[in-house]
Amino acid sequence: MGNKFRSIETKHYAERDAFFDDLKKLDRRAFLRVAGISAGIAAGMGLRTPHSFQLVNVAEAQGTKPRFSFAYISDTHLYEKKLNDRFVRAILKAVDDVNGLDPQPDFVLFGGDLAQLGKPGELKLGAEILKSVKAPIRMMTGEHDWFLDMGELWTDLFGPPNYSFDHKGVHFVVLNSILEKDFWTERGLSPEERMQIVAGLDNGIQSRFEVGAPQREWLRQDLAKVNKATPIIVFSHSPLYKYYRPWNFWTDDADEVQALFKPFQTVTVIHGHTHQLLSNRIGNMSFHGMLSTAWPWPYAPEGLPQLTVQMNRSDPFSQFDGCGDGRMDVLESGMVDKLYNLWERNPISVRASYLASGGKRDVPPRTKLPSY
Amino acid sequence: MKLLVGTGAVLSFAGGVALATGPVSPPARGTQAPEVKKHELPVSKDGNLVVGLCDGETSMEVKGVKAGESLTRAQAQHVSGALMEEWLRKNPNAHWDAVPLVAQAPAPGSTTPRTQQPRTPAPSKGTVREGGVTPESGGAEVKKQQAVPIQDGHTYGAFSDRDEAIWAASTEQFVDEGHRVFHDAQAIGGTVGISCDMCHPDASNTHPETYPKYQVQLGRVALLRDMINWCIENPVRGRPLADGDPRMRAMEAYIYAKRKGVKLEYGKK
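Going down the list, the sequences are from chains U and V. Residue numbering for the first sequence follows the working numbering, starting at 1 and increasing by one per position. Residue numbering for the second sequence follows the working numbering, starting at 1 and increasing by one per position.
Worth flagging that the hints you see were computed from the coordinates, not collected in a lab. Since the structure is predicted, the reported quantities are computational estimates derived from the model, not experimental observations. We treat Cβ as the ideally placed atom computed from N, Cα and C, and that holds for glycine. This list has only true hints and no planted wrong ones.
Quick list of the computed label-pair ranges, beta carbon to beta carbon:
#1 V:Leu218 <-> U:Arg366: 22 to 30 Å
#2 V:Lys269 <-> U:Ile205: 32 to 40 Å
#3 V:Lys38 <-> U:Ile205: 39 to 47 Å
#4 V:Asp245 <-> U:Asp102: 45 to 53 Å
#5 V:Leu218 <-> U:Gly159: 45 to 53 Å
#6 V:Val192 <-> U:Asn99: 20 to 28 Å
#7 V:Asp245 <-> U:Asp96: 34 to 42 Å
With a straight-line cut-off of 27 Å between C-alpha atoms, the simulated BS3-like cross-links for lysine-lysine are:
#8 U:Lys242 <-> V:Lys258
#9 U:Lys225 <-> U:Lys168
#10 U:Lys368 <-> V:Lys258
#11 V:Lys37 <-> V:Lys90
#12 U:Lys368 <-> V:Lys213
#13 V:Lys63 <-> V:Lys38
#14 U:Lys228 <-> U:Lys262
#15 U:Lys168 <-> U:Lys228
#16 U:Lys368 <-> V:Lys268
#17 V:Lys263 <-> U:Lys368
#18 V:Lys213 <-> V:Lys268
#19 U:Lys368 <-> V:Lys269
#20 U:Lys93 <-> U:Lys81
Quick look at which bits of chain U chain V covers, simulated, 3 or more residues with Cβ under 8 Å:
#21 76-84
#22 192-203
#23 294-303
#24 315-325
Hey, can you work out the whole structure from these sequences and the hints?
This is how it looks when you write it as structure tokens:
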């Protein structure tokens, strides 16, 4: 077969390449004119970070200057390599992406679900691959990492699943929000069966996610030491609010957890699990869903937060479409601008101002195709 | 013209046995293609063509046409008329529903193409309103119609609640089998641990109601099963299933069941 027919992917890349070729030929004045348009695209291609563009200089004048950045990789769902190399290739791509960031992020957040079925071979493979990330890594656990041995190996490899730290004036909290009530003992399920049920998104047998009373108490004590004006950023695998119960896009004690954060001026929650562009704002709290490197998930038929700008329907014929990694720019205000680095599409930025203004300002581009 | 009456399949009997023996364990069920009793046509001594009626019992030998030859249109009309007559003789109490005039009346403002003239309605004892759909013929009549005794004396449509319970249970079993295959990487023949539900929880994003449609990536019009097979070959890394594969049939059933009530919009992008 010759090159007579070009696939839409080929055309897409040809157009992108042409765009960047043209960009090199521009004089400085014209360059600044298109800088705003191209900032996001270029960042996604690893050519430049948006900091170096005129666009961001304007933003700085408005007091939304970034303090620092961290990158994110999430939901890699690794099987052992001899069984499945598909997801392995995806995490390697993500590691290359964050290693290619210039300037380097202060750290990289791994958002959970490193393994698919929590098996030792899967978790160890993930740990091995993540060693090649240049920036320091902050680990969060997901339900796929946990329910085979109830977190035993994960904790051995990466330490406790909930902890906090301070970084450049921001208080970070990492939660284990994927705990579930015991649905297995009474049914006499083996650890493998338990894991398999939790791994199935539409399996109604499993319990709902929760942070749980002991961890909420730990959180209360941790936050008691923090000044109420200090920006808080929370890492939680599940969304920390109630999105769609049948698929466990849901944290059962979200209301109690949110109450603990109420006294603080600025709270941002970064979560994995949902594998999609997802934005929410409840009171003083902004919520940001992260992309998966393994596969995208459709939006739930109900309960989607209003501020969410939906991800374009992904192309099933392309492994990496709808997948990706990204970067959070933590602003002086403590809120974050998030950059979704979609691998097969132009990157999408969702700015803090979009969430803070209740969706009125800096609206991210809408999609052309509906999500079924 | 010679008429041969064979022993027919009593299909409802098979269904009755299935119900009486209680629920069948899921893996055994659905792994075989459903059996449809074949109408065994008798062989003509003279080597003539034998034609069967769709009741599964009645057949007719056509004089002057050898087996393997095809009928002319006139001959075929004659044969079908004779078979129908025989069926009516065997079912003296059965009669067809009267063709409802209301349903066939053209919508206001529309014209009926000449090629689609309504069939002449059979004589009916029921009340049929002339003049098509009017505002007066709508909702107000529904309650009255519900009080009217249901037509009986038909062979088709004379089903008991038990029959319907059997059908519903059989359909549900089929859908359940589809659910099992859809959620099991091994059952679908996958080699990398990936199952359908990993990307399509509750069969979402499968949108079966949009098929058939031109699938840009395939460069041709695709059916739902073409896409199922594409997924099996690529992300799932299995071998495509044959059209008649019970797993394919069951998965189609499951996927359609999950989209119940969604408007059919074939060809949608």
